[in-house]
Amino acid sequence: MEDIILQNISKDFGTFRAVDEVNLTIKSGELFSFLGPSGCGKTTLLRMIAGFETPSEGSIYLGNKDISDLPPYKREVNTIFQNYSLFPHMTLFDNVAFGLKVKKRPKTEIKDRVQEMLKLVKMEDQAAKYPDQISGGQKQRIAIARALINKPRVLLLDEPLAALDLKLRQHMLIELMDIHDAVGITFIYVTHDQGEAMSISDRLAVMNQGKVVQEGPPDDIYERPSSIFSAYFIGETNLITGDVHKVYDDYLELHCPDGTGNILALDSSFHKPVAEQSRITLSLRPEKIAISRHKPRHQDDINIIKGQIEDILYLGSHTQYIVRVGNLKFRVFSQHKRVYFDDKALDWEEDVWLFWHDTDTWLIEDNPFEVLADAELDDSGNLKRYVKRSKI
Amino acid sequence: MKLSRVNLFKGLNLTVFSLVIVFLYIPILILIVFSFNDSRIISGWQGFTLKYYTQLFNNPTIKEAFRNTMLIAGLSTLISTTLGIMTALGLENKRFKARKGLLALIYTPLVIPDILMGVSLALLFNFTRVNTGMVTVLIAHVTFCISYTVIVIQSRLEGFDHSLVEAAADLGAKPHYIFWRIKFPLMLPGIIAAALLAFTLSIDDFIITFFTSGRGFDTLPIYVEGTIRRGTITTINALSTLMIGFTLFLVVVTKRIRKILISAL
Amino acid sequence: MPQSREALQEKRKNLSSWLLSLPTMIWLVCFFLVPYLIVVFYSFLTPDIYDVKFEVSLDAYRQIFTSGYLQPFFLSFKLAIYTVLICLLLGFPVAYYMARASEKLKNTLLILIIIPFWTNLIIRIFSWRIFLSYSGVLNEALMGLGLISQPLEIMRTNLAVILVMVYVYLPYMILPLYSVLEKLDFTLLNAAMDLGANEVKAFFRVTLPLAVEGIFAGTLLVFIPALGAYLIPQLVGNQRSLYVGQVITYKVKNIPRNWPMASALSLTLLLMVAILLLIMYAIYRRHLARRHY
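Protein chains in written order, with the working numbering: chain A, 1 to 392; chain B, 1001 to 1265; chain C, 2001 to 2293.
Hints are computed from structural coordinates only; laboratory data are not their basis.
Be aware that a few hints might be false.
The calculated lysine-lysine pairs, modelled on DSS-like cross-linking and capped at a C-alpha distance of 27 Å, are [what the hints assert, rightly or not]:
1. K1174/B <-> K101/A
2. K1174/B <-> K65/A
3. K2013/C <-> K1094/B
4. K129/A <-> K1255/B
5. K151/A <-> K1183/B
6. K2011/C <-> K1097/B
7. K103/A <-> K1174/B
8. K129/A <-> K1259/B
9. K1174/B <-> K104/A
10. K1094/B <-> K2011/C
11. K1183/B <-> K101/A
12. K1259/B <-> K2106/C
13. K74/A <-> K1174/B
14. K1183/B <-> K129/A
15. K1183/B <-> K107/A
16. K2011/C <-> K1100/B
17. K74/A <-> K1183/B
18. K2011/C <-> K74/A
19. K2183/C <-> K1010/B
20. K1174/B <-> K2013/C
21. K1255/B <-> K2183/C
22. K2013/C <-> K103/A
Restraint ranges, calculated between C-beta atoms of paired labels, are given here [said to hold, decoys possible]:
23. A2191/C <-> M1070/B: 53 to 59 Å
24. A2191/C <-> P37/A: 34 to 40 Å
25. A2191/C <-> F341/A: 51 to 57 Å
A short, non-exhaustive set of chain A residues, derived as facing chain B with CB atoms under 10 Å [stated by the list, open to error]:
26. G51
27. F52
28. R75
29. N78
30. H89
31. V102
32. N150
These figures come from a predicted structure and were not determined experimentally.
Positions of the beta carbon are idealized from the N, C-alpha and C atoms, including for glycine.
Take the sequences, apply the hints, and build the full model.
Spelled out as C-alpha cells, the structure:
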C-alpha cells in the first residue's frame, strides 16, 4: 500500500491561484480530510488527485509513481461525486458494473462482483432500478459501490454528504467509516463541515485561500490551533491578544487586554519562548472556562477574572454565556453536569467569576493567513507544536 | 408554485382565445369537408365522395412529387442532423477560438427572409453553371436545416451533466467509450427533436425549393402551388386533407416518442 | 514547463472543436456566404433575357431609386408592421390565457395551437382561398344569414393579404410569448394588487415589462419573414400592387430575366432587415442595461 504525496502543488486559473504550494503526505489506509470554506481550493486539490485538473506546478505521487500527467482513466483512483453522478440511462446494476464492463471482464465475474458490492452497501435487491427511482442516501451507496468495485488504491469523496438531510448525514457518516474500516484503503474526504471532518478523519488539513493552514489529527488541530483561522474555523474560541508582562521559567504573565489590569498566566509547556513586551494571542476554548457567582479560592495555576453576564443561550445539555469583562467579551460553555433543584440559574447582568487552568490556553500565530514554516514533528510524524515567534 | 387567484382579464383572454382557435381552424375544417364534397365548384354540398382520393392515388405526377419530397426530406434530415451533432459538440468547448464566428454563421440564416436564401442559391448555381435539380434542392435544404439542428442539439447539450463524463473517465472509460455509451444516449432526445424539426422544415419548404429546383424536379409544395395557381383544384382538397392528417400524425408521434424516451431514461 | 501541460490540453481541445465544426463551417461558407457575394457581384451587372451579361452597370441600383421600385418596399414594410401589431394584439391574450391554464389544460392548448402551425403553409393559404372567395364559404354563410346582400370581394385585396399573413404568422407570435409568460411568477400580481395597483396598472407595470423578451422574440419571428413574403401576396393579393418578394421572384423566374435587378432588390431588402435588427438589438441592450435582475 502506498502513500499519496503532494509535492509543491499549485493550480492557477488565469491570474487566480486556487491552490498555493501545497505539500502533503497522505498515509496509506488513513481517512484524510481537506477542510475549509468554499473557494479554499480543497475541491481543486481533490480534482487534481483524481486527474480532472492538471497541476500548474508540482507533482502528485502514488507510492513512487508520478501520476501527475496521467488521465483519470489510467489512475487507480476513484471518485465519489457530490451529486453522485449516477448514469441516468443505466440500471443500478449497470452503473455499478461500469468500471468492470469498461475493462471487458467476463459476464460471470461482473455479476458476482456487483452482487458482492451491492451487499456491502446493503442494496442487493435494488439492482434493476434506475437512479431516478431511489433516494439520495441510496444513490450515494450505489456511487460507493460503483467506485469500490474497481479496487482502487484511493477513494476520493467530494462533499458526499452535502446533498443529504441532517439525520441521514449522521447515519451515512457512520456507514462511511464502517466501509472504510471494512475495505481498508485510503480515503480522501473533502468537506466544509468541520463536524464531519473532525468525526470521520484520522488526520485532516485545514485549508484557506489555496494554502494548507494546519495539518494533523483532529484533536491536535482543535486543542492546538496554529492560527486564528484554525481556531475560528473549527468550533468556537476566545482570542485574547495582549502584551507579555513578565516571562518566568515555567510560566509567563500576560496583560489581559480588558482594560481592567488583569494579569493572566500561561504555562510554559504551552508556548514557545517569547520576549517580554511582545504581543501574543491566546486561544481559549469556551468549554474550558468555568463560571460561578462565587469567587473560587485562589490557586497558583488558576486564572480568575470577574465579569458580567450579557447573553444567555440555554441549550438543554449546556448553556452558552457571553460575559463582559472590561471591554472584552468572553464566550463560555457550561455543561449542566449536575442540576440541583434549589439552584438559582445564572441570570442576565449578574456578576460572575470566570476561571480556568493556566494549561487551558494555547498561544497562536497572530497573522491568521500565513502558512507555517516552523513545524515540529514528533516521532510518529504528527505536528507537535507550531508557534511562530511574534515580532515586537 | 402556487398560482395566484388573480387572473387578469380572464374573461377577455378566454374570448380572444376562442375566437383565435375558431379563426385558425375553420378554414382547415372547411378544406377537409370539401375534400369529400362531390362537386366541382366550391359552394354547396353535393354528396359524399372519395373520388378525389382515388384520383390522387392514380396521379403519377403527385406520386412523383411525393417521392421527391420524401427523398429530399430524408436525405437532408440525415445530413443536417449529423452536421448538427458534430457542430454542437464542437461548440461545447467555450474557449474554442472560432466559436463566435461559427455562431454568427449559424444564427444569421435564421434572421434573414428565406426568399433571400432562395435567390442567392439560385444565383450561385447559375454562376457555377450547375443544373438545378435534385442535388441543388438537397443542398439548399441542408443549408437551411443546419442552423436549426445545431441550435436544438446545442440547447439540449447545455443541460448536460458533465460530471457524468468525469465519472465515466474516473471509472476507467476512454473518451471514445464515454462518447458512445454515455454522451450519445443522453443526447438522443435532442437529436431526435432536431431530426424531426429538419424533416418538417424540409417537407414544408416552398420558396427556397422554388428557386433551386428548376423544371422537372417537383416537391409536393411546388406541385400544390402550381396547381393552385393554374386553378385545377379538384384533387388538391384531398391532398391537403391527407397532408393535414400527416401533420396530426407527426404531432402525435412526437409526443409519443418524447414520452418513450423520457421513461426510458 | 508545467505550464505547458495545461496549454497542451487546451490545444487538443481546440483542435477537436475545429475538426468537429469544420464540415459545417465549410458548408455554410460555400452555400450561405459565397452566394451572397455572388448576389453583390450580380447586382452590378447587366441583365440579359435568359441569363446575365458580365458587363458592369449601375442600372439596377439607379432603377430602384427612380423607377418606382421603392413602392414595393413601402408596401412590404407596411404589411410587416400591420401583421406584427395584429399578431401582438391577438397573440398576447392567447398566450396569457394559455400560460395561466392548469397543467393539464396547458398541454391540450399547446397542441391546439401547434397543429395549424405545423400544417403546410400552402395548404393554409389555399384553405383561405376557399373560404374567402367570391363564391366561397364565408360569403355563402353571410348571405345565408342575411347579413349581406352582395358577396364581399375580399380575395385579391391587400386586406386579404394582411388577413392571411396574420393567420399564418400568429403561432409564431404566440409561442415565444407563451414560453416567456409561462415562466412568469404570477404571485407578483398579488403583491402588486396588495400594494394598491388595480388590474390595468398591474398589467402594465408588472406583467408587460417581464414579458418584453417574449415580445421581442415574437416580433422578430414575424416581422422579418413578413418583409420577404412572396407566397401569400402572390396567391391572395391583388396583382396590381406588388410586394418586394413578388418583384424579386418575377425578376428571377419570369422571362425576360433581370438578375442584376433581383440582386439589387435583394440587397436592399437585406439592408432593411439589417437595420431593423440593429435597432432591435440596441433597444434590447438598453432593456438589459435597465433591468437589474
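Each hint tested on the structure:
The suggested pairing of K1174/B with K101/A holds, with an alpha-carbon distance near 12 Å, which does not exceed 27 Å. Restraint check for K1174/B and K65/A: satisfied, since their Cα atoms lie roughly 21 Å apart, inside the 27 Å limit. This hinted pair checks out: K2013/C and K1094/B have alpha carbons roughly 10 Å apart, not beyond 27 Å. Simply put, K129/A and K1255/B have alpha-carbon atoms about 25 Å apart, close enough for the 27 Å limit, and the pair holds.
With a C-alpha separation of about 25 Å, the suggested pairing of K151/A with K1183/B holds against the 27 Å cut-off. Annotation: proposed proximity of K2011/C to K1097/B holds, straight-line Cα distance about 10 Å (limit 27 Å). Our distance criterion of 27 Å between C-alpha atoms is met by K103/A and K1174/B, whose separation comes to about 10 Å. With a CA separation close to 19 Å, the supplied pair K129/A and K1259/B stays within the 27 Å bound.
The hinted pair formed by K1174/B and K104/A meets the criterion: a straight-line CA distance of about 13 Å does not exceed 27 Å. Restraint check for K1094/B and K2011/C: satisfied, since their Cα atoms lie roughly 13 Å apart, inside the 27 Å limit. Restraint check for K1183/B and K101/A: satisfied, since their Cα atoms lie roughly 17 Å apart, inside the 27 Å limit. Straight-line distance between C-alpha atoms of K1259/B and K2106/C comes to about 17 Å, which keeps the hinted pair within the 27 Å bound.
For the suggested pair K74/A and K1174/B, the alpha carbons sit about 9 Å apart, so the restraint of at most 27 Å is met. About 21 Å separates the Cα atoms of K1183/B and K129/A, which keeps this hinted pair within 27 Å; it holds. Between K1183/B and K107/A the alpha-carbon distance is near 24 Å, which keeps this suggested pair within the 27 Å criterion. This hinted pair checks out: K2011/C and K1100/B have alpha carbons roughly 18 Å apart, not beyond 27 Å.
A distance of roughly 20 Å separates the Cα atoms of K74/A and K1183/B; the hinted pair therefore holds under the 27 Å criterion. Restraint check: the Cα-Cα separation between K2011/C and K74/A comes to about 21 Å, which is no more than 27 Å; the hinted pair holds. Distance hint between K2183/C and K1010/B is fulfilled; the C-alpha atoms sit about 18 Å from each other, no more than 27 Å. For the given pair, K1174/B sits about 15 Å from K2013/C by alpha-carbon distance, which is consistent with the 27 Å threshold.
A hinted pair counts as satisfied when its Cα atoms are at most 27 Å apart, and K1255/B with K2183/C qualifies at roughly 22 Å. Note on K2013/C and K103/A: the hinted pairing holds, with a Cα-Cα distance of about 26 Å set against a maximum of 27 Å. Roughly 54 Å separates the CB atoms of A2191/C and M1070/B, a value that falls within the hinted 53 to 59 Å. Judged by the Cβ atoms, the range 34 to 40 Å given for A2191/C and P37/A holds: they are separated by roughly 35 Å.
As the Cβ distance of A2191/C to F341/A is approximately 53 Å, the hint placing it in 51 to 57 Å holds. Hint status for G51/A relative to chain B: holds, with the closest Cβ pair at about 8 Å, below 10 Å. With a least beta-carbon distance of about 6 Å to chain B, the hint placing F52/A at the interface is held under the 10 Å criterion. Hint on R75/A holds. Least Cβ distance to chain B is approximately 8 Å, under the 10 Å limit.
Annotation: interface hint on N78/A holds; nearest CB of chain B at approximately 6 Å, less than 10 Å. With 10 Å as the threshold, the beta carbon of H89/A comes within range of chain B, its nearest partner Cβ sitting at about 5 Å, so the hint holds. Checking V102/A against chain B: minimum C-beta separation of about 5 Å stays under 10 Å; hint holds. Proximity of N150/A to chain B holds as hinted, the smallest CB-CB distance being about 6 Å (cut-off 10 Å).
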